[in-house]
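Enquirer: Residue numbers (our numbering), protein chains in the order written: chain Y, 1 to 666; chain Z, 1 to 172; chain G, 1 to 509.
Worth double-checking, as some hints may not be accurate.
[Stated by the list, open to error] Derived DSSO-like pairs (lysine-lysine); straight-line CA-CA distance at most 27 Å:
{"#": "1", "chain 1": "G", "residue 1": "Lys391", "chain 2": "Y", "residue 2": "Lys35"}
{"#": "2", "chain 1": "Y", "residue 1": "Lys64", "chain 2": "Y", "residue 2": "Lys210"}
{"#": "3", "chain 1": "G", "residue 1": "Lys37", "chain 2": "G", "residue 2": "Lys122"}
{"#": "4", "chain 1": "Y", "residue 1": "Lys39", "chain 2": "G", "residue 2": "Lys391"}
{"#": "5", "chain 1": "Y", "residue 1": "Lys35", "chain 2": "G", "residue 2": "Lys451"}
{"#": "6", "chain 1": "Y", "residue 1": "Lys389", "chain 2": "Y", "residue 2": "Lys373"}
{"#": "7", "chain 1": "Y", "residue 1": "Lys386", "chain 2": "Y", "residue 2": "Lys458"}
{"#": "8", "chain 1": "G", "residue 1": "Lys451", "chain 2": "G", "residue 2": "Lys391"}
{"#": "9", "chain 1": "G", "residue 1": "Lys391", "chain 2": "Y", "residue 2": "Lys179"}
{"#": "10", "chain 1": "Y", "residue 1": "Lys180", "chain 2": "G", "residue 2": "Lys391"}
{"#": "11", "chain 1": "G", "residue 1": "Lys451", "chain 2": "Y", "residue 2": "Lys180"}
{"#": "12", "chain 1": "G", "residue 1": "Lys123", "chain 2": "G", "residue 2": "Lys37"}
{"#": "13", "chain 1": "G", "residue 1": "Lys451", "chain 2": "Y", "residue 2": "Lys179"}
{"#": "14", "chain 1": "Y", "residue 1": "Lys458", "chain 2": "Y", "residue 2": "Lys389"}
{"#": "15", "chain 1": "Y", "residue 1": "Lys39", "chain 2": "Y", "residue 2": "Lys373"}
{"#": "16", "chain 1": "Y", "residue 1": "Lys373", "chain 2": "Y", "residue 2": "Lys458"}
{"#": "17", "chain 1": "Y", "residue 1": "Lys386", "chain 2": "Y", "residue 2": "Lys373"}
None of these hints come from the bench; they were simulated from the model.
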Amino acid sequence: MDSITYADATGALSSMWLLVAIPAVSAAVLLLLGKRADKWGHWLGVAAVLAAFGLAVTYFFQLKGLDNRSAALNLFEFIHIGGLEVNVGLLFDPLTAVFVLLITGVGFLIHVYAVGYMSHDPGRRRFFAYFNLFVAAMLLLVLGDNYVMLYAGWEGVGLASYLLISFWYERPAAATAGKKAFLINRVGDVGFALAIFLMFATFGTTDYAKVFNGVLESEAGQTVSAGVLLALGLLLLLGACGKSGQFPLQTWLPDAMEGPTPVSALIHAATMVTAGVYMIARSATIFNANETAQTVVVSIGALTLLIGCIIGCAKDGIKRVLAYSTVSQIGYMFLAVGLGGGAYALGIIHLLAHGFFKAGLFLGAGSVMHGMKDQEDIRRYGGLWKHMKITWATFGLGWLAIIGMFPFSGFFTKDPIILSAFNREGWTGWLYGGAALLGAGLTAFYMTRLFVLTFHGKPRWEMEKHGDHHADGDEAHHAGIKQTADGRDIQHPHESPLIMTIPLIVLALGSVFAGYLMSTSVVDWLTPVLGDAPEEHGRLSHGTVTVLTLGVVVIGAAIAFLLFRNGTELVERPARTHIVRAARNNLYADRFNELVFELPGRLLTRALVWVDNRGVDGIVNGLAAAFGGGSGRLRRLQTGYVRTYALSILSGAVLVVAALLAVRLG
Amino acid sequence: MTVTDVLVCALGAVSLGAAIRVVTTNQIVRAGLWLVVALGALAGVYLVLTAELLAWVQVLIYVGAVVVLMLFAVMLTRAPIGRSDDLDRPRLPAILVGGGAGLGLAAVLADAYRWSYIGLSGVEPGNAEALGREVFTGWALPFEVLSVLLLAALVGAIAISRPEVGERREES
Amino acid sequence: MNDIQLPPIDYAALLPMLIVFGLACVGILAEAFVPRKHRFAVQATLTLAALIAGLVTVIINRDLEVTTIGGAVTIDGAGLFLQGIILVLGIVAFGLIAERRLERGGAFVANAAHAADSDGDKKQLNEAGATEIFPLTLFAIAGMMLFCVSGDLLTMFVALEVFSLPLYLMCGLARRRRLLSQESALKYFLLGAFASAFFLYGVALIYGYAGSVQLVAIKQSVLDSDKSGVLLAAGLALLAIGLLFKAAAVPFHVWTPDVYQGAPTPITALMAACVKAAAFGGLLRVFNVAFETTSWDWRPVITAVAMATMIVGSILAVTQTDIKRLLAYSSIANAGYLLVGVVSLGGAVGSSMFYLVAYGFSVLAAFGMVTLVRDADGEATHLSRWAGLGKGSPLFSAMFTIIMLGFAGIPLTSGFSSKFALFSSAWDANQSALVIVGVLSSVVLAFPYLKVVVLLWLNPPGDETPTVSVPGYLTRAVVGVGVLATIVLGVAPSWLLDMVNSAGTFLAK
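Using the sequences and the hints given, assemble the complete structure.
Expert: In structure tokens, the structure reads:
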């Protein structure tokens, strides 16, 4: 590959900082105005994203007209220290462009949907503030022209995601899920941060262009050892796994569904969780330079896609199943970008198509829950198609798209990935291809199960006739037409208001046509960034794989249909096999994390607290005194004895002196 | 072994023994009095090493002022004069750490100097004149700043200890 | 007697310190002669004038590089920059110390001698506070300034005492929670004296090795001394302990939470910002000038101390439930990050100084805001009392959030840029292990901060949520400056980084 240069931004593109600034300003206004903005705040939030979308479209056409297909905008010097120079700079190139369009476009639809979905929530203004904050951070993530900017956006989306998962703080599960997401993401962030330092130490810069050119030069001249490149790749991958919920850091993502549904749709399905894929695609040069790193990416992708599918089959919460399907679909994307070469673009188009159909599915799920009094359990749905026709239709299109049925979008984006996996050199091609194919079948199975149990079969929600479910029936009957707070009654499912269904319809159209439209055009569009797709002469032809995949999909869907068309039992059946038990327990991933990360951390904390005991005792006593309020109680306050402190200082001193002498004499 | 050596060793032993008593006795006034012995013996060591000014300063300030002040403080705060059981006896970890540190440092110093001998004959006696010259030439700044330190200490002492203005009038 | 001759003195070089020391003495006179009614105004003006005049003279001196008064003072680029940092942060902290609108009579008590909760103590609750704190603050700041430019260990020790003593005293002057305050003062004093003894012992051993206490002479002696290196190593260790105590490094940190909690919050702020700058200024100077050539000996040990400090500080911060203690543990962890800069020596001096500035401003704003959350008993520092403050006081909560995000090292705040700069230079100096531990610990440390953010915004307010007092203009200025600095240094830190890098390093001649 030739050395990489980015042309300076000219014309309208020189104002691309507005993309980040508009949602950020809107978020600040919403937060700072407080209650004063309660009435119109959500519309400001929607308008900010719409404005960003408008700008994105303008920039997109600008970019199309440029020869170099890139526009770099250097805003100002950020950090200049020693040999390191980091600038605040933005880069708009084809890869960024598709992400910006996805984020602002799908983001806009989800914002509109959220106006309806959150209409009864007293914290709606705050919600939109965080939502806009997220959009700003996500745009910064994809627009930055160096890894530090990418990291800035990375942390920003993490923060927004943390705030939004914990949004319904009164639910303990939400608070725990937020904490979990935060902690697991931080594990990934460590990898990313260290990658940045390593990059700086190796190349003296973190700018995309310079780092990539450095990698290319080193490939030619062997200036950088393969070990460093491998470490760089693996550290970046650790970061990507954390953010994108890939093995072994996947457990936070399903729990993150405790947040409001629009959050699940935008952040935990369409955009933020795909940041890892973006990062790997962006760092294509680094991964191309090291085959081991690529193999690890592929393996993680293949493993995760199977994990997601298997657990997805065992879950009963509508959002949980969708969450695991997200994990699994991102696994496909990792698989694709790990394959390298032409498969990078396949990963990206699958990401885009997934952004549409998964957002649509989540919003559909939200619509179902909206009409079912927040009931999440698919065993307690059934026959809903009669009551919410629009949701049923749009959800159905999303379902066909995700299982990869011809001619829906998943077909055009997933099949090529399976094909590329089969065509990987060596025996591993069979392995990864087989995994991807199996995944496709399992996806068809559990998504069909979800669809059938939710919308078809006998209604199982009517069986719930407890006396205490006595709601205002009259109003509920009209709820299908009118949107009111009290319309939500479990016994009277109803269609959601227009403001929620219109985004559903648009996204459904996207999941129908996006795949076909993007399958060639976007691949060409991305060529300047990701390199040409080499002509593939694989062991399996395109036709063979298509037939195989469709066959597997149909079989999977048929089995699910036959098993579940008559509904299912309302209680969980005892697990007879190990695999079912394991799947229901998320394949023991939580326990794994507990053992590997949490337990040592907890033990360390406990040990430190024990050592620091006096101080901590002090707090407890101090608290008792502070809460007692009476200053008389303060008399009893004793925060550790000075002599204990002196002793610990003296012990430390002995240690330090002894250590220094040991070094000196040793 | 000269007379000087014997004297230094003897005074050192007295000082050490008294110091141990300071931390082991359970009568706080006695601890203060043992401190007098320890510090006084140290003054003797200085004297033997020809640092006469230092020796007298040691006696004046530490034995004369500091310990007296401490005893005053003990009496004024109505602490028990006699035996007090709650006076913390050194416990094992403290003995280990303190003793280890002391012995370790002693070993380090002994090892550092081994048996090197520095004759006292060539050394300028540490009298007032020599010290004064040093203080007003090389150490002028630290010396002056020390006066600032004392001033700050004085102001601080007043700030934390002065009675309420007007309080006395009310009382009388 | 005619042979006594003062060493040549460069008064211009000493001027900043002379001004602050001098006006502190004037302040004491004012305490004696100005009528009680006007004393506060006079003292406050005097203090501010002294700090500003000191800063101006430091700026005028900025290109000075001189060793004066018999080698006791070394004025150099880094030293002047540190003096500047201390003065600037001191000016900001002054805003908190002089604030009298939050509480009648200010944050300090009038007569500290009253036993806690005695009748006299209760009576003085509404009396104007002691004005001696102003000259004491000036003494402390002047001592810190001298500490950063000391050319020999003895001057350094005296300077250490000059800035410590007023702090010990001021810790005991809190208006509320008198007992806690007195206890913290006593603890700080006793342990500080203990640490001073280590320092002195170290000085003695080093003198035994080098035959001099001048930093430059020590460096020279490493090359040509015939004494046992054991003396140097032991002396260095003891010296370092004295300094690490002031810097609150593990395992010499035990005093920090208690003292930070008990001291009047403005003094805690002064300690967290200025003392940290001074202590690390001293550490940087000692290690860069005197012991640079022996770095093979001490590096492993100080590295271990730095790691322990980062880990212990960040993990224990997670378990805290009192905002002042939380900030205390975070200051311990930050001391660990700064030690990374010390270990990295020359190349990291600039980024360490940048870190001190960035951290100082944020921590001043943080403590400034702690003084605002009050209930009938004074400051409500327990975290549970902070729940849901975002509802009633969005501006306050937004600003506190910015500070917390800054501490957590979220990009676009000064916490990120300073950590990034520091870790980059450390990585450059081949301290990758320290950087890895640093990144890990800052990841852990982010958690308690974000917990506070969630607490502020997402938790429901309790029954007795304290009010956020309307700040007086002084506190308002402090908080505003701190938050602004956190953002500006996060978004566009390059001008200050240029400044620290062009400030030069320590003069080692």
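Enquirer: It remains to establish, for every hint, whether it holds in the given structure.
Expert: Hint check results:
1. G:Lys391 - Y:Lys35: holds (9 Å)
2. Y:Lys64 - Y:Lys210: holds (24 Å)
3. G:Lys37 - G:Lys122: holds (22 Å)
4. Y:Lys39 - G:Lys391: holds (16 Å)
5. Y:Lys35 - G:Lys451: holds (23 Å)
6. Y:Lys389 - Y:Lys373: Judged against 27 Å, a Cα distance of about 18 Å means the pair holds.
7. Y:Lys386 - Y:Lys458: Holds: Lys386 of chain Y and Lys458 of chain Y sit about 11 Å apart, inside 27 Å.
8. G:Lys451 - G:Lys391: holds (16 Å)
9. G:Lys391 - Y:Lys179: holds (22 Å)
10. Y:Lys180 - G:Lys391: Holds: Lys180 of chain Y and Lys391 of chain G sit about 25 Å apart, inside 27 Å.
11. G:Lys451 - Y:Lys180: holds (12 Å)
12. G:Lys123 - G:Lys37: holds (19 Å)
13. G:Lys451 - Y:Lys179: holds (9 Å)
14. Y:Lys458 - Y:Lys389: holds (16 Å)
15. Y:Lys39 - Y:Lys373: OK: Lys39 of chain Y and Lys373 of chain Y at ~25 Å, within 27 Å.
16. Y:Lys373 - Y:Lys458: holds (19 Å)
17. Y:Lys386 - Y:Lys373: Judged against 27 Å, a Cα distance of about 17 Å means the pair holds.
In the structure shown, no violation is registered for any of the earlier numbered hints.
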